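Visitor: Need the complex rebuilt from these two chains, each delivered in its own frame; the hints are there to steer you.
As given, the protein sequences belong to chains A and B, one line each in that order.
Residue numbers are given in numbering that gives the first Met the number 0: position 9 of the first sequence equals residue 8, and the series is strictly consecutive.
Residue numbers are given in numbering that gives the first Met the number 0: position 97 of the second sequence equals residue 96, and the series is strictly consecutive.
Everything labelled a hint here was simulated from the structure, so no lab data went into it.
Treat the numbers as computed from the prediction; the structure is a model and nothing was measured.
Among these hints, one or two may not hold up.
Said to hold, decoys possible - Derived DEER-like restraints, expressed as beta-carbon distance ranges:
no. : chain 1 : residue 1 : chain 2 : residue 2 : range
1   : B       : D538      : A       : E33       : 46 to 54 Å
2   : A       : D47       : B       : S130      : 48 to 56 Å
3   : A       : E64       : B       : V708      : 54 to 62 Å
4   : A       : G231      : B       : E481      : 31 to 39 Å
5   : B       : R445      : A       : D172      : 31 to 39 Å
6   : A       : D118      : B       : P44       : 48 to 56 Å
7   : B       : Q57       : A       : D107      : 20 to 28 Å
8   : B       : D538      : A       : E64       : 51 to 59 Å
9   : A       : N230      : B       : E481      : 34 to 42 Å
10  : B       : R503      : A       : E33       : 47 to 55 Å
11  : A       : E64       : B       : E577      : 43 to 51 Å
For every residue, glycine included, the Cβ atom is placed at its ideal position computed from N, Cα and C.
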Amino acid sequence: MKNRVLRTLVIGLGLAATAFAPAASAQDRPSTMEIVKRANQASFYAGDDGRTEARMRIVGSSGREQVRQFTMLRRDGDQGRQQYLVVFSRPADVRGTVFLVEKNPGADDNRWLYLPGLDLVRRIAPGDKRTSFVGSHVYYEDVSGRDIQADEHELIETTDEHYVVRSTPKDPDSVEFAYFDTRIDRDTFLPMESEYVNADGKIYRRMKIEEVKEIDGYPTGVRMRMEDVANGGHTLVQFRYNAYDLGIPESVFSERSLRNPPREWLQRPER
Amino acid sequence: MGRLIARFSMRHRWWVFGVTLAIVVATGLLIPRLTIDTDPENMLPADQPDRVEHNRIQERFDLHDMIVVGVVNEQHPEGIFNPQSLSALYQLSESIEDIEGVIEQDMLSLATIDNVEQVSPGTISFDWMMSEPPSTQAEADSIRRAIQDLPMFYGTLVAETDQAAGIFVPIESKDESHRIATEIQGIIDELDSNDDFHITGQPVAQDTFGVEMFQQMAISAPLAGLLIFLLMLYFFRSLPLVVAPMLLAMATVITAMGLLIGMGYTVHIMSSMIPIFLMPIAVVDSIHVLSSFADRCRAGDDKQLVMAEVIQSLYKPLIFTSLTTSVGFASLMLTPIPPVQIFGAFVAIGVLFAIVLSLTFLPAFVAALPQKTVDGMVSRVRTHEESGKGADCRLCRFMSATGRFATRHATPLLVTFAGLVVVAVYGINQIYINDNPTRWFKEDHRIRVADRVLNEHFAGTYEAYIVLEQTRVGDLMATLNERAEPVLDQAAEDGHAIRKDWSRILEQSRSGNTENEVGATLDELMFALEDQSFNAPRDQAQYWDELLSITERIRSEAQYFQKPEALRYMDNMQTWLEERDHVGKSSSLADLVQTINRELVSGEPQDYRIPDRPSGVAQTILSYQSSHRPEDLWHFVSEDYEEASIWLQLPSGDNRAMQSVVDAVEQYKDNHPLPEGVDMTWGGSTYINLVWQGEMVEGMRAALLSASVFVLAMMILLFRSFVFGVLAVLPLTLTIALIYGVMGLIGKPYDMPVAVLSSLSLGLSVDFAIHFIQRLRAEAAETGNWRQAIDAVFEEPARAITRNAIVISLGFLPLLAAPLVPYITVGIFLASIMALSAVVTLLMLPAILRAIPSLFFGREIARATRQE
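So that you can see chain B by itself, here it is in the shape it has in the complex (with noise of 0.2 Å):
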């Protein structure tokens, strides 16, 4: 079969590549729609029912996603307040405010929020908080007096410390961040100040990266390529052969990626992974061939006679580690995530076709080159290997040694290993769950650096919300017509038949609201009832003001949020929170509502308080209003009053962070349940990572489960073998317990490039195994002899085994060099990965099959052999 195809794809070559030219060319001519999408938000599926929630409070509250623009002046006695400081913050918060994207009426800094205060006893004032920037230290001291006053924006516009302010910019699409940032950071590299600006803010942090993202794209990826080349020269010594792995590796990349892009899938964090993937799995099956026909050609052979046995011999393991890999990576459409289901499924499509170029293509490129380069590079390999010592090259004899040294030990080996999956038993049991886009940037990255420094000042830049809606609101419509009844049929009975009109006004008041603006039909339906009232005859008008009143306190029951018990609830709520430390701060329509209070009142700490009916809250509300700021009120309350909103800031964008908060809220529920007919849910950015973190791992645990069982099911059925079969998963479970276990032991976190990592490791661990089982039983059916069987198996394949590790580990070095986090922790996990399933299966395999030979070969085999 293998030699078939071998001679099949020599004997066509020409069709070979045009063939492989012609996919090439049409999917790479696919490459330039690309579109790099870095929202993490997108890691959950559009109809996610958080993501949908969260969207819906952002529509709801009118919130934006904002750039965080941070002020520090940490050597002024007076930090940020005073004259200069200030007057560089008032312009660059006018300047801003005119960039194109910016939502100007949303845009929070001192110089766009108001001061309400009791000026005077008896007299209140709305004004600016800054209308214009200080000139005096004495101004700008009496702006901190104001703002220290104000609990909404203390800690968050200005820090606690006094010595950062903070601008929060909305924006109209994130898609913009990178360039409005930019623009921001053109204003304030002219401004006259000699204050520390750090501009940060999610959107910012998703664009930058997908901006370098890109650049490691065209940076990493190939500089991988370059030193997998070059080792492979090494190893080969033949240019001209050398090149077709890379050929084919390219071949692959472009096909995968072109066929991403051009079925419509936008280019996310995870598929520009996709070629640093596909770059080793599809030249270490190259490696495979190439090793074994360096190995088996001999001066003056024929180079196709060679290759055709070398495919032969090759083909089984080669189909089968492909297909493991795959159904590795195939396994991640498993997890609920869409942009490591793409993942995982162009992966496995690229395997795939990398091992039909490499059954194919291979030969075809081998049997094209004059004989003379094969003969070339033949001599060259032998000389360089017999230049070790005497008959045997450097790398034969290491092996050889390998082999013996792991079946004469294997007892102690065997006890070794046991202990390392004690000791990674512990580690991984040590492993915590934790991302954070923030720490996607390497420590020293100015986003990071913003982060740091504006966190340690602020009460935190991270946000997450907590809604309560009262959820009754449906039955309000039934209720009002309940209470109609009577008064229509007291009406009918002394002879006024207004039905008629009640329910043609009724329907006119609904219509233009959906069912769920019961709020604004009411209001409809007040003015109209009004009109009626007025317009009727003159006998008639009382039954119309009693409908009309009864609407009227429908709509003012209707209003939850104007409770002074609801928003105790939530003033509770938040207290609680904060005294524990587990929110930075927090902000909803209560703060706002006692801040009002308080300085409508008296200005005295004490009335700080919300007031003790609903008309109380209601008028302070309508206070606030008369503002320039109206409308920021909807960012804590809906117009109809059924959903308040708590914004939280959390210092730490970690997943872990916002966990303990969900679980402090839990538990104060636990403790003070919600008022009766009132739901919560979770929305913010920070909540949506900590969602997407949760349905990562539990399916990255479905993937992995499945596809150990699947690839067990593989080795079972190549081997046709039970034993065999699970002496195969062994090494790779012994290598992805070492690894995990490691990442505990030294305290990294399971992120998100980790768990991708897993199902890869699945993969490409077993490979090993597979070319070492399926050598050694050939040689064992050959001779008779298990042991001279497994010193076959550790020449050349154990060879092609080592030259693979060696070539992809170092290959990947040049991923550590890489300014994103999750490119260094792939490149170190999959040096990792080959090198110890390179180790582990050249010992361990051996000296099982040592301790129990009986079992894998039969008694027949271990007899021979022990009398040998």
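Bound conformation, chain A alone (with noise of 0.2 Å):
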């Protein structure tokens, strides 16, 4: 089976509303590789471009709580490449930390990162990308999406709702899940959870969007809730002032961004 697989969190979203009819009927169903693509297509490549505002509440296995905000840059590229700027505004302290992201499926990112209180450019050393986002239950690759060609991908079930996908990882050393089963809504494709699953059988985390809106035409998961099974916790995340289609230039995703952030992409959109 040579699918492909969507990805539990859903940062980038839109959906490419352009790229699927919106029914899909029992009959023609398609095939598990498609709606994989589909779904991946949906939740990290809706619209050429986007723009978001992530406000995430962390709250620990202990019950404490953290917040984060901070605003996401989106770009299309050829071949599934995609840039990202992420700038954060909050906490206070670390307002102007920035993580600038080369998504190259198939092989490895390109990552940067520009901290302000300590004026330093770094990049980060492609690696395990399931580390935690910022403290968060996010890991990095929920954030741009895990390629789809990481795993093998089986339809499992088709319920009036839903496409249950199970992927497995081709190299299941690289990851600490020994499969995970996504839930796909038939008619936007979206994934709409996600439950990874260990060695003993037993689910350990959960990725739920909690909230679906159409904006400029693409549906769009605006509630995120990334779970820790396991040990309890979780993050919720709410995406708002969402755009898509903005035209932004690629310029703004260069190492330059990282010291000097584009305030007008940044700026949320008049009401």
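Guide: Laid out in structure tokens, this is it:
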């Protein structure tokens, strides 16, 4: 099976409305590969570019809370390549911290980090992408999307509302899960829920889209919950002030933007 | 009175048996409900402030009880850093993660931690330290290089000798530690490794102690009982007769333990020793009765008549010795240590129950015996005693000689005693207070071995925490209101009524958070203000933005432990402590921030420093949180950055070691006062041990003093004479002084068992003096001659004292074979108290009486004696 996966996290959001017919009936069910591709498209590639403001509430296993707030810009390139610029605004002490990501499906991503408090630009070594994103339960890989080629996909169930796809890693040593099951909405192709299962067959991690809104014609997950089932604790992410197809120029996603964030693109759109 | 009780009991003996049996059965049925408690924390009441703080710290910083697994390789030239050892460690660590009850996400080992490093100039990497076991020596070497660079872990997860590595296994419940440790051992046994593995940690020690304590209760106490039984058999030559005190002792033990368990108390290490304490005390009374009975009874005598006389002459001293003993134990209730209180209370109850049985059950039992049995016993005792020499028995002759010796050499004896007091006082001054629950195991116990080996290699397996807290947080909401006021006024002036909205938003943000969760409240408030700014009429946005930035600023200001100066204070304190060898190692947020800062900046040692600005600190921490284990941060700082902890690792769990750390920190604080508005508290089990040890010493002092006063008062009351009252407590004073003096001289620390024994010794060692004086005065009144009275005391009463001393002293020798040190201590102590107080009583009292007879007997008797 050579399918694709959708990835849990839906930060980039939006969905390629153009890419699929909104209502796939049971009769003309797409192939598993197509489902995975479309889900990937819906959650990470909506429009040619996009902007969102994320508000994260991190609740640790013992109930301690932290917040993170950042604006994320995204621009799609060729062959699934993408660029992301993540600029932090809260807490105040990390304001101006920037991540720049060049996503290269099938190869290592390029990642940079700017820390204004230390006035440092650092490259983040390609390596494990399943580390925490700024202390949340969301992984780096969840932010930009897991390479759909990294797993084998299998359609294990089709319900009235969802396709349920099981994704099994091709290189089991590189990840902490044995497989994960994703429920993909049959209308929007948004992955509404992913459950990660460990070697003992236990679900230890769960992603859930709790609210979907249509924005600029793209169904968009605007509230997402990532849960640490094994240890307790979760992260709630709200995506607000979303916009697509803004025509963000490629120059915005350059190392220069790390120290000088592109104000005009970060600004909240007028009401 | 005594006669009356004895006659009544003998007449209604079946009632006595029935009631006794009913009590024993009723209480005995409660024993199966027993629960064991080995947690030293319970030495403090649940609401004791230090314990409350310790628990708060554990919760606040997500600290769990840890099992420590050590892997040691002293053979390989690279120590632990060879592919085989690391692979075994990796496998072990992975397998332990799967054990039920292990908190996987907090497990610490080379296989579970992240390595943050600058891999090439300008590039930082967050990756597992050992994502898979190394297959070559080169890979093992690079793991060593990496760990050596991480001060948080070097010395903790890997010994600085490079010959040992540790796995820290946090567990959900302490009660599970024995099972988990056993499972870990099972995994180790399956490993293909030549390394040495050790399992230790406070919870394992406790749980193991509980298991072995249980075994001791089942072995030591019955063994002691058996030996006492055999010794009594030797003295009294009658199996049926000797069965009586054994039954009595068993009834006492069962009743006391049954009551304790039935009333819902857990069996702590202290209470587990109740049987061992009660057995001799219960038997002591019986021996006095039986000894007197055997001495008085002649073949053909009516046993009931003899017994009634025996009880008549003994009931007073018996009751008083029991009262003093139970006062000694009851005084333990003055200590602020709940297990010690319970122990004291139930031994006291047991002692009182034993005296009731001695006065009722014992005569009833003797009365129930066939006359033949008693006659047989009497004649066997006689034959035995006479087989010694001539008309007198060996013990009789020896005792009489002792009495004569004491009166003849009164002056040198008294001088010797005075000399001994001087030595004892010197010795007592050498006593040092120290305890360490690990030392409750013998030197060669595997837990002691693990403890020794691991602390040789590592910075220390004993932990304590210093917690610094910024206390002015409560003011923040007030500050917020103060600063918001002008903005709200301005808005009103400009014609915008936003005050109501502000109050509503503020209220909403508060709900769901406690008063202490100011950080969370402010976070909520910021979210709400931001929404308000966006949704409110456009011309009001500026006011909301203003309020938002005010809130934000206050939020930042509250985050005290993101400030460089706060971290620097902790760092300096740590350096000071480590440089002076007070602690093996310390870790805090300051170490974490400096390490991450170094790797972010250059990876070179000169950048191991705290950033200059709070934002630099915050961003360093944010970078750290982008690792596999972001939650580790909360072991060092609270999420609102108002509290921070310093984890101290101590190579010794001795209270003395902990005390020196506490003193050192105090000294540091004297020279470098805590920043204004910052408070400091302590936590950690090593610290808690220190606290209860301190409370115990204080409490014991109070208990011992009050018991002494009480015993003295009782003696004066009993003898209705001040001088005899004082005389009665002199032997016990010397006995206790000598025992503690010797303890000081041989360097045995004053620990929990020793502390408890001080009260016991008080109650027990006065017994012989009571018997001695009571009989002496009766004889003196009868004969009008104090020399004759002393001679009479050195007949049957002295023999009873000696038999008692021998039976109890020898009876406790089996305790010396126990694998748990407190039991050994108790055994030695009990044996010494009984032996020493018998010797002291028998030598000191006649010597004093001889020196100043007129003081005690009045001029008349003194003169009459002199003339004779």
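Visitor: State for each hint whether it applies.
Guide: Hint check:
Take D538(B) and E33(A): their Cβ atoms lie about 51 Å apart, and the range 46 to 54 Å holds. For the pair D47(A) and S130(B), the beta carbons lie near 37 Å from each other, so the given range of 48 to 56 Å is not met. One distance hint, 54 to 62 Å for the beta-carbon pair E64(A) and V708(B), holds here, with the actual separation near 58 Å. Take G231(A) and E481(B): their Cβ atoms lie about 38 Å apart, and the range 31 to 39 Å holds.
A C-beta distance of roughly 36 Å is found between R445(B) and D172(A), which places it inside the suggested range of 31 to 39 Å. The beta-carbon spacing between D118(A) and P44(B), approximately 54 Å, falls within the hinted interval of 48 to 56 Å. Between Q57(B) and D107(A) the CB atoms are about 42 Å apart, so this pair departs from the stated range of 20 to 28 Å. For the hinted restraint 51 to 59 Å between D538(B) and E64(A), the CB-CB distance of approximately 33 Å leaves it violated.
The supplied range of 34 to 42 Å is met by N230(A) and E481(B), whose beta-carbon atoms lie about 40 Å from each other. In this structure the supplied range 47 to 55 Å holds for R503(B) paired with E33(A), their Cβ-Cβ distance being about 50 Å. In this structure the supplied range 43 to 51 Å is violated for E64(A) paired with E577(B), their Cβ-Cβ distance being about 34 Å.
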